[in-house]
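These protein sequences, in sequence, are chains A and B.
Okay, so the first sequence: first residue is -16 according to the working numbering, each after it adds one.
Okay, so the second sequence: first residue is -16 according to the working numbering, each after it adds one.
Quick caveat, the hints were computed from the structure, so don't treat them as lab data.
Predicted, not measured: the structure shown is a model, and the values here were computed from it.
Heads up, the beta-carbon is just placed ideally off N, CA and C, and yes, glycines get one too.
One or more hints might be untrue.
Stated by the list, open to error - What the simulated footprint calls covered on chain B by chain A, stretch by stretch (three residues with Cβ under 8 Å from a Cβ of chain A suffice, anywhere in the stretch; the number is not a length):
id: 1; segment: 53 to 59
id: 2; segment: 71 to 80
id: 3; segment: 152 to 164
id: 4; segment: 174 to 182
Stated by the list, open to error - Only part of the chain A face toward chain B is listed, based on derived beta-carbon distances under 10 Å:
id: 5; residue: ALA72
id: 6; residue: LEU90
id: 7; residue: ARG141
id: 8; residue: LEU144
id: 9; residue: VAL149
id: 10; residue: LEU153
id: 11; residue: LEU164
id: 12; residue: TYR183
Claimed, not checked - From the derived model, a few chain A residues whose C-beta atoms are all more than 10 Å from chain B:
id: 13; residue: SER5
id: 14; residue: HIS40
id: 15; residue: HIS55
id: 16; residue: PRO57
id: 17; residue: LEU63
id: 18; residue: VAL133
Number of protein chains: 2
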Amino acid sequence: MTKGGSGRPRRGRRPGESKTRSAILVAARRLFADQGYDGASIRDIAAQAGVDPALVHHFYGNKEALFTAAMHLPNLPEQLGAALASDPAARAEGRLGELLVRTVVALWEDKALQRTAIGLLRSALTHERAAAMLRDFVRSAILARVADAVEAPDRDLRIALVASQVVGLLMTRYVLHVEPLASATGEEIAHAVGPTLQRYLSGQISM
Amino acid sequence: MTKGGSGRPRRGRRPGESKTRSAILVAARRLFADQGYDGASIRDIAAQAGVDPALVHHFYGNKEALFTAAMHLPNLPEQLGAALASDPAARAEGRLGELLVRTVVALWEDKALQRTAIGLLRSALTHERAAAMLRDFVRSAILARVADAVEAPDRDLRIALVASQVVGLLMTRYVLHVEPLASATGEEIAHAVGPTLQRYLSGQISM
DNA sequence: GTCTATATGATGATAGAC
DNA sequence: GTCTATCATCATATAGAC
C-alpha cells in the first residue's frame, strides 16, 4: 500500500506550497511600494500576506533576496519594446517622444507594474541596491529600445534627459501626487510632455 | 566680586552653547541628505557632530523637530526670487525657462542648500511630513515666483509640469547620479532643459 | 550644558518542534 | 510547510546626576 492510504490519489501540486509564496510576493510588492525598502518590515509583509514571518525567511532567505524577487520585472523591457514597435511610423514622423510617454502612462495602468516601479523609485533613494536595480531597469528598458533612434554624438545625454523627465513625471504624478498632474488623463500628459521627449531625442539640445 | 572670580569679564555668549546647536544642525543636514529621514539616526547625527545623543533631544526635543529645523530654508524663496528678478528682460523675451534652470543649478552650488534639498527629496518618498514640506517648498519657491508670468487657464498644470522636470533633473543628476547628466556643466543643462521649461510656461501644452 | 543609565519597543534572523 | 520561541541589535526617548 502506498503512502497516503485511502483511495484519493496524490496528483498535482500539494496545497499551500506556491500559494503562500506568491501571496508573500504580492504583499511585499505592495509594502515596498508604500513604504520603501527600509520602511517595509518582514513582519508587516507577512501579516499583509496572512502568513507567519518565519515563512518569509524560509522561502526567500533574507530581506534583500525578497526585495529582488518582488521587484524583478521579467518582461517589462519586452512589453515596452512591443508597444514602441506597434507604431513603426512614429519613429520616422517625429512622434516617438509622444509614443514613449503614451506607452509609459499606459503600462502604468497595470497595478503590479505600478507597485513595482513605485517600490523601486521609493527604495532607490535610500537603498543602494535598489538604486542599482532602477538604473539597470532604466538602461535596459529605455536606452536599449530607443537608442538606435537617436544619433551618436550626444546619445547618452539625450537618453539621460529623457530619463530625467520620465522619472520626474512618475515622482510628481504617482508618488508626490502633485495636482493637477496626478489626476490628469494619459492623453493630456502625452500632449504636454510628448514634445519634450521628442526634442530630447532628436531636437537641438547642446550649445 | 562678581561670579567668575578673576579679572576676565563675562561678556558675550557663554561657550559651548550655540556652537553645539549648530554643529548638530549641520550634521543633521548631512545625514538626512545622505540617508533620508528614517535612515539617519539621532545617534549617528550626534556622533557626526561630536556630541552626546542626549544633547540632541535636549536641544530639539525629538527627531521630527530636528528634521524640521534642519530642513528649514528661511530665505530660499527670496534667493530664488531675487535671481529671477535680476534679469527682468528674460520674462518678456521668452527666456524665463532658461533663467529658471540656470538659477536652480546655480543655487545648487551652495552646499548647505544642496544638502537640504537632497534631504527633503530623499525623505519625501518615505516620510509624509517631509513630503508635505517639499510640496510647500515647491509651491512657495516656484509657484509664487513665476505664477504671474503664466496665463490663468492651465496655470496650475504648467507649474506642475515645470516641477516635474525640475524634480526629475535633481533626482537623476544629484541623487541617482545618472551620467552624463551628473557631470554636465550648468551651462549645458541650461541649454538642454531651458526650452522645456519655457514651453511648459508659455508654450502649447493642452489638446 | 553635558553625560550615564535605562525604559521601551521594533527589527532581521535563526533554531527547532510539529 | 508551518509555527513558537528567542537572540542580538538597533532605534527613540526620558530621568536624573554632575
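So, going through the hints one by one against the coordinates:
1. 53 to 59: violated (count 0)
2. 71 to 80: Result for this restraint: violated, n = 0.
3. 152 to 164: holds (count 10)
4. 174 to 182: With 6 residues closer than 8 Å to chain A, the segment 174 to 182 of chain B meets the three-residue bar; holds.
5. ALA72: 21 Å, violated
6. LEU90: 18 Å, violated
7. ARG141: 9 Å, holds
8. LEU144: 6 Å, holds
9. VAL149: Hint on VAL149/A: holds, closest Cβ of chain B at ~7 Å, below 10 Å.
10. LEU153: 8 Å, holds
11. LEU164: 4 Å, holds
12. TYR183: 8 Å, holds
13. SER5: 26 Å, holds
14. HIS40: 22 Å, holds
15. HIS55: 20 Å, holds
16. PRO57: Since the minimum Cβ distance to chain B is about 23 Å, PRO57/A lies beyond 10 Å and the statement holds.
17. LEU63: 18 Å, holds
18. VAL133: 14 Å, holds
Violated hints for the displayed structure, listed by number in ascending order: 1, 2, 5, 6.
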